[in-house]
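Peer 1: What follows is the residue order along each chain.
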Amino acid sequence: MGIMDQFFQQLINGISLGSIYALIALGYTMVYGIMKLINFAHGDIYMVGGYVGFFCITIMHLPVLPALVISMVLTGLLGILIERIAYRPLRSAPRLSVLITAIGVSFFLEYTMMYFVTPQPRTFPHILSDVAYHIGPFVVNNQQIMIFAITIILMALLTYIVQFTKTGKAMRAVSFDTEAAQLMGINANRIISFTFGIGSALAAAAGVLVGIYYNSIDPLMGIMPGLKAFVAAVLGGIGILPGAAAGGIILGIVEALVSGFISSTFRDAAAFAILILVLLFKPTGLLGKNTNEKV
Amino acid sequence: MSILLEAKEVSKMFGGLKAVSNFDMTINKGELIGLIGPNGAGKTTAFNLFTGVYQPTTGVINFAGKSLKGMKPSQITQRGIARTFQNIRLFSELSVLDNVKIAYHTHLKYNLAEAVLRVGRYMKEEKRIEEAGRELLKIFKLEDKADEIAKNLPYGAQRRLEIARALATRPQLLLLDEPAAGMNPQETNELMDMIRWIRKEFALSILLIEHDMSLVMGICERIYVLEYGSIIAHGLPEEIKKNPEVIRAYLGGEA
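Chains as they are written, first to last, in the UniProt record's numbering: chain A, 1 to 295; chain B, 1 to 255.
Chain B on its own, in the form it takes in the complex (with noise of 0.2 angstroms):
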């Protein structure tokens, strides 16, 4: 197996706090991992570490042989790392077929001017991702909402346009942040088989932060424990549960 990313002692200060502090992890090619800790204890910062949003104090973080570091979260996109959001992100205003598209405009390669003029490559290209764009919406069970205005959409539906959005971009690496919150557990359940086909279906990496355990322990291969900005233990799921510093960091007490 290959290794797709990794990140080596990062840390990120905000002034004096610690946000994470010697983060060490290893991603490889086709692996679905799950990033777990108590709230504050630095998840979403991870994220955002890796997509550029903050650029890490020290350490540095590899994807795909490269070093992201001073990349801008668009560049880092291109290279092929989308995420999606904790609290939902979309574009609310424009139409859910809008929002794949803008994911898919990275990769259109036509001019202005052909645009205006409406000739070359514009009417091809778009064509294909419009098209493009309507398979992928398909797949999420939103083609019959391609033409509605995103923020209309059930709750449920806008975190799969959340999801579809970003395997627009096209990436290798997914990041998942809290895509159950808000589910019932039967929407979980189909979020489950949802994670695991799109992960085999479009040949991906995936790292979720998750706090339905279920979820995480059901379909994760190995799992990160974060804690104050440490990772506290990493392994396989059944190793996780037994692990008496996981359980003291999400139960309290002494252990």
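Only chain A is shown next, with the shape it has when bound in the complex (with noise of 0.2 angstroms):
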């Protein structure tokens, strides 16, 4: 294979990578838009997702497709009673109280899983059977289509959500300004609510692709992704939705190029890198607008 050939091959396998990061890195950035809060048991979100697409798969005998709309819808419940439980009390609180509360709850979905589910990993079971296309002289397989074509699928209605419909424009508004969004009858409760709702359910979505793509997940498989995909979100500009699609796929090309041409043992490092270079010379991300901070 040359050295070409490998790149291309590599760029297919960042794609999938970097969708599953993309998929998160929506929620992170959601969040952080309509709350500036920098949701850290995100991650952990999408290890329940993929928890609850396992158990789908295993236990009720479902198909892929129901399996992971069932778990998007029961993650996207879950994220919605975290904010209500752990985060709404807090909404006049100063942010460092909200972040450190986002670290516990990130504790408590990691160790109260371990508790039901055993820290012992779980494979999932090999539901697609791998169909590899030769494509001139690339190989991509059914499972890497079908993470890429769910994740467009998820995010063409994703923006057409916050482009088109009320709640979306309700969404924008209460991101730019909550006071007067409330004042144009908006309830910014339930925006805010809805916002988690959609987030964490993208976030399961990405864990159960995940758990199929890897076949294997466990309960601390969120950290890892978790942090990458804030870097995603921070690389794109944090709060800005396409940033946050741009962010992850290209932080999963660079994280497969790295592992392919240098060591897979420096992808992480790669990933953070990344995170450092974006903070010294744009922090506000790719997409971001340089903003001066009022005094």
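Bear in mind the hints are in silico, worked out from the structure with no lab data behind them.
On a predicted model such as this, the values are computed, not experimentally measured, just so you know.
Check before you lean on any hint, since a few could be wrong.
Said to hold, decoys possible - Residues from chain B that face chain A, not an exhaustive set, calculated with beta carbons under 10 angstroms:
#, residue
1, G70
2, P73
3, R83
4, D98
5, I102
6, Y104
7, R118
8, I129
9, Q172
Unchecked claim - Computed spacing ranges between beta-carbons, pair by pair:
#, chain 1, residue 1, chain 2, residue 2, range
10, A, T284, B, N152, 44 to 52 angstroms
11, A, P283, B, E93, 54 to 62 angstroms
12, B, E131, A, A273, 49 to 57 angstroms
13, B, D144, A, L277, 38 to 46 angstroms
14, B, L251, A, I85, 52 to 60 angstroms
15, A, I85, B, R118, 31 to 39 angstroms
16, B, H107, A, T265, 31 to 39 angstroms
17, B, N87, A, P63, 53 to 61 angstroms
The beta carbon of each residue, even a glycine, is placed where N, CA and C say it ideally should be.
With the hints as a guide, bring the two chains together.
Peer 2: Now the structure itself:
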């Protein structure tokens, strides 16, 4: 295999991985956009989503798509519940308190899951037979295509909701100016709940897809992808939806290329090196506008 | 004349500071009322109390016969009180039309499933508010700027858009917080005509805070004067002009 062939092959792998990061990063960025909270429990919501999908497939013997939808719905509700119980009482508290609470929620989810499902990794059943498509010199398998297709569909749906529905417009209004939005008759609490629900549902989709792709899930699986997705959101410009999508894909590609050409032990280092570079040279992210803090 | 809004002995404390105390006000249906007073007198606090941003420490506020106690700002807006802000607070990154459409949205009845599938009430209702929104923008001479981003509008146009957005919530009572701030005399005159016109056209009551005395005296039927959180005078514009308490509050010195 020539070096160009390998490059393109890694590109394909990177896009699959990046789609997963993008789905998680969207939730991060939506929640940040609307309440300026870095929800550090978001990676663990992705983990819960993976488990819900796992149980749908193994216990209820559902096919992939129904399992995906059920996982998205239940995990979305979990997101709403977490916001209601853990974050809403702190609406007017300093941001640091909410951030620390988010870390607490993260541990809570990790270790509660560990209690119920044991810390042992579970093997995701092999529900999709491997089909590899050869396009010229490259190999794409059906799982990669599924991940990419589902990601595109979910992103299109999200864009549509945010741009063209009253709920989406209300979300944007609340993120610009919560108080003014309330005075336009928008129930900000409902919109924030909705945002958490959607963000968590997207993370759940990512969790199920990862389970299918990598065949393995465990209660701490959310930590690294959660952090990576945070890097992706910052890379694209936190609070900006297309930025999170782009950031996720770019991060996935960089990781795949680093794994393929240098060493897979450096892929995490590469992701965090990106974070450091972004924070040094363009703290507002690729799609972010430079805003001068008013004093 | 029937009473639309009634505030009885309303006080608001911030810690030990009395921002508003024993505030009484009555607004009848269709009235145009001015609220004036020196800076820091508590005028904007009164607006925040009427719109549910703050809850009164003591006292009651009734609107259209019902108490507003414990209601959220969004619920009060749905009941029929809308406002503009002293420092313009548009959704600055959204288009002019979207700013107005967001305010219409509380009256829309379709659910997310209908929106995603583009069926049922979604298409019809969206089309209806699109038309209503453009109609409203026409009144405020903003129709050719409908697709521009709100923050790119000139200052005067942003002020007009704020009023248009407030009207889109279909209020019975419109609260205007210094609508003429930063306007030149000609713009202020146009604004006065517009305020009179919308009151008639939309059958509204209007309460406005203003420092521009020519505007207040020119269009308000009754005027309340606040100083240090208390009403020191209220009455017809001519009475207010001659009231020694008011003159003292504004010009200082012993009265």
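Peer 1: Confirm or reject each hint.
Peer 2: Tested hints:
Here the hint on G70(B) is broken, as its CB sits about 15 angstroms from the closest CB of chain A, past 10 angstroms. Interface hint at P73(B): satisfied, since its Cβ lies 4 angstroms from the closest Cβ of chain A, which is below the 10 angstroms cut-off. Interface restraint check for R83(B): the shortest CB-CB distance to chain A comes to about 6 angstroms, inside 10 angstroms, so the restraint holds. A distance limit of 10 angstroms between C-beta atoms decides the matter here; for D98(B) the minimum to chain A is near 6 angstroms, and the interface restraint holds.
A distance limit of 10 angstroms between C-beta atoms decides the matter here; for I102(B) the minimum to chain A is near 5 angstroms, and the interface restraint holds. The criterion of a C-beta within 10 angstroms of any C-beta in chain A is met by Y104(B), whose closest approach is roughly 9 angstroms, and the hint holds. The restraint placing R118(B) at the interface with chain A holds, with a minimum CB-CB distance near 9 angstroms, inside the 10 angstroms limit. The beta carbon of I129(B) is positioned within 10 angstroms of a beta carbon in chain A (closest approach about 9 angstroms), and the interface hint is therefore held.
Proximity of Q172(B) to chain A is violated relative to the hint, the smallest CB-CB distance being about 13 angstroms (cut-off 10 angstroms). At about 20 angstroms, the beta-carbon gap between T284(A) and N152(B) misses the expected band of 44 to 52 angstroms. The given range of 54 to 62 angstroms is broken by P283(A) and E93(B), whose C-beta atoms sit roughly 19 angstroms from each other. Taking 49 to 57 angstroms as the suggested C-beta distance range, the pair E131(B) and A273(A) conforms, at roughly 53 angstroms.
Between D144(B) and L277(A) the Cβ separation comes to about 44 angstroms, which falls inside the hinted range of 38 to 46 angstroms. Here the CB-CB span from L251(B) to I85(A) is close to 56 angstroms, well matched to the stated 52 to 60 angstroms. At roughly 35 angstroms, the beta carbons of I85(A) and R118(B) sit within the given window of 31 to 39 angstroms. As the Cβ distance of H107(B) to T265(A) is approximately 58 angstroms, the hint placing it in 31 to 39 angstroms is violated.
Distance hint check for N87(B) and P63(A): the Cβ-Cβ separation is about 55 angstroms, which falls inside the suggested range of 53 to 61 angstroms.
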